[in-house]
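Residue numbers (my numbering), protein chains in the order written: chain A, 1 to 206; chain B, 207 to 412.
It should be emphasised that the hints constitute simulated quantities derived from the structure, not laboratory data. The structure displayed is predicted, hence computed values, not measured ones. No residue lacks a Cβ here, since even glycine has one placed at the ideal position from N, Cα and C. Some hints here could point you the wrong way.
[Claimed, not checked] Short, incomplete list of chain B residues facing chain A, as computed with Cβ under 7 Å: (1) M207; (2) A223; (3) T321; (4) Q323; (5) S325.
[What the hints assert, rightly or not] The calculated label-pair distances, taken between Cβ atoms and stated as ranges, are: (6) A/E168 - B/K208: 18 to 26 Å; (7) B/D309 - A/I3: 31 to 39 Å; (8) B/D309 - A/P198: 33 to 41 Å.
[As the list claims (entries may be wrong)] Listed next, the in silico SDA-like pairs over lysine to any residue satisfying Cα-Cα at most 25 Å (straight line): (9) B/K208 - A/F160; (10) A/K101 - B/P404; (11) A/K2 - B/M371; (12) A/K74 - B/A406; (13) B/K343 - A/S10; (14) B/K334 - A/K74; (15) A/K190 - B/H399; (16) A/K101 - B/T321; (17) B/K299 - A/L138; (18) B/K307 - A/T201; (19) B/K208 - A/A200; (20) B/K307 - B/E326; (21) A/K128 - B/R211; (22) A/K93 - B/Y405; (23) A/K74 - B/I348; (24) A/K128 - A/P145.
Number of protein chains: 2
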Amino acid sequence: MKITRSDIESMQNRFRATFINSISGYKSLNLVGTRSMSGISNLAPFNSIVHIGSNPPYLGMIARPQTEEHQTLKNIKETGYYTLNQVHEEILKQAHQSSAKYDANTSEFTEVGLTEQASEVSKSPYVKESLLKMTLKLVEIIPIPLNGTSLVIGEIQEIFIGDCMIEEDGYVHIEELGSIASLGLDGYLKANHLTRYPYATLKDSD
Amino acid sequence: MKITRSDIESMQNRFRATFINSISGYKSLNLVGTRSMSGISNLAPFNSIVHIGSNPPYLGMIARPQTEEHQTLKNIKETGYYTLNQVHEEILKQAHQSSAKYDANTSEFTEVGLTEQASEVSKSPYVKESLLKMTLKLVEIIPIPLNGTSLVIGEIQEIFIGDCMIEEDGYVHIEELGSIASLGLDGYLKANHLTRYPYATLKDSD
């Protein structure tokens with residue numbers, strides 16, 4: 001099936017958003033935890049985490065334009081910290097629900113039924129139920145003027161990992177934590193380990 | 207298990223790279239197809255595709271610093287086009303092998319045993335065997351001075367999708383194509399559909 005540029009243009013807006021979000025493939029699903037200057041905790045799902053570098057350990061994520069409903073970016077700018085809390089099967093429903101447009105004075109933790117866990121390295125709350133979580137210190141926000149989004153880059157300060165195999169070379173079997181892959185705007189998948197391949201060298205191709 | 211900032215710093219370099227790449231979670235796996243000005247085709251795996259926007263349809267990816275071995279960024283800059291070719295189970299081994307550091311005068315297509323497919327919208331080659339592929343037109347390269355990487359943003363020009371369910375609202379079941387999720391630098395997972403949830407509203411939380 002071939003879809004041309006003009007096919008894409010003639011798609012209805014909501015259809016196009018779902019379609020384009022699907023074809024870019026699986027993403028990891030994380031809840032971003034922040035706290036406002038007035039102390040209110042905030043939780044929002046992000047599926048746009050990218051690896052920027054490992055030394056120093058930088059992760060990036062794409063943030064939508066800041067609005068009243070999107071408190072995450074505002075809180076990150078003001079406090080300089082945020083947490084990433086990976087979503088596993090048992091907290092998927094609550095994670096999805098945290099995307100609802102709650103009032104800025106309302107904590108999504110209370111509304112969706114997840115538990116705040118204090119961190120020693122920042123005031124940004126962890127999701128206690130998450131089995132893989134980390135605190136990031138904001139390093140840079142790079143604007144993407146094309147459409148008003150931005151690339152938020154943070155440096156990892158602390159990590160908590162639940163019970164899963166970590167191989168001798170550092171590979172973490174996050175699928176053993178029940179970590180969910182997301183697809184499109186609202187699709188969720190379970191991932192099963194297939195294989196790892198050794199570092200590809202020219203000889204291997206013979 | 208708690209891992210502190212100084213634990214991360216004291217990790218051996220290769221261990222840290224594998225570890226940090228794992229904990230950011232599942233990524234989609236795509237082969238980026240380009241062609242040099244002198245006509246040589248190039249193929250390289252990228253697991254850093256992010257959704258930037260759907261109208262216009264923008265996808266981003268993080269590119270490592272340009273070197274002799276990394277021809278992709280050079281080719282994109284010079285020709286203004288590239289293809290994304292999603293990797294499914296049957297071409298996984300070839301896809302992984304394309305990460306080897308072949309000479310700039312060598313086509314990874316020939317070396318790993320994948321087939322070039324011409325496009326009508328650009329000179330960048332598709333991977334014929336891929337079941338979900340698209341051509342992107344370079345829109346912007348945003349430098350990330352922190353570590354010399356960059357965010358490459360392209361606009362989708364054309365899409366080919368194999369035989370899979372596309373729901374009425376535009377959701378594409380890419381797992382039916384056998385699309386692979388990647389983890390870390392060399393781990394591959396099979397994904398199975400779990401569920402989709404309706405758009406979260408405030409009422410749903412009651």
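Going down the list of hints, with the structure as the test:
| no. | hint | verdict |
| --- | --- | --- |
| 1 | M207 | 5 Å, holds |
| 2 | A223 | 4 Å, holds |
| 3 | T321 | 16 Å, violated |
| 4 | Q323 | 12 Å, violated |
| 5 | S325 | 11 Å, violated |
| 6 | A/E168 - B/K208: 18 to 26 Å | 20 Å, holds |
| 7 | B/D309 - A/I3: 31 to 39 Å | 35 Å, holds |
| 8 | B/D309 - A/P198: 33 to 41 Å | 21 Å, violated |
| 9 | B/K208 - A/F160 | 5 Å, holds |
| 10 | A/K101 - B/P404 | 14 Å, holds |
| 11 | A/K2 - B/M371 | 15 Å, holds |
| 12 | A/K74 - B/A406 | 22 Å, holds |
| 13 | B/K343 - A/S10 | 19 Å, holds |
| 14 | B/K334 - A/K74 | 45 Å, violated |
| 15 | A/K190 - B/H399 | 7 Å, holds |
| 16 | A/K101 - B/T321 | 47 Å, violated |
| 17 | B/K299 - A/L138 | 37 Å, violated |
| 18 | B/K307 - A/T201 | 7 Å, holds |
| 19 | B/K208 - A/A200 | 32 Å, violated |
| 20 | B/K307 - B/E326 | 29 Å, violated |
| 21 | A/K128 - B/R211 | 20 Å, holds |
| 22 | A/K93 - B/Y405 | 12 Å, holds |
| 23 | A/K74 - B/I348 | 22 Å, holds |
| 24 | A/K128 - A/P145 | 36 Å, violated |
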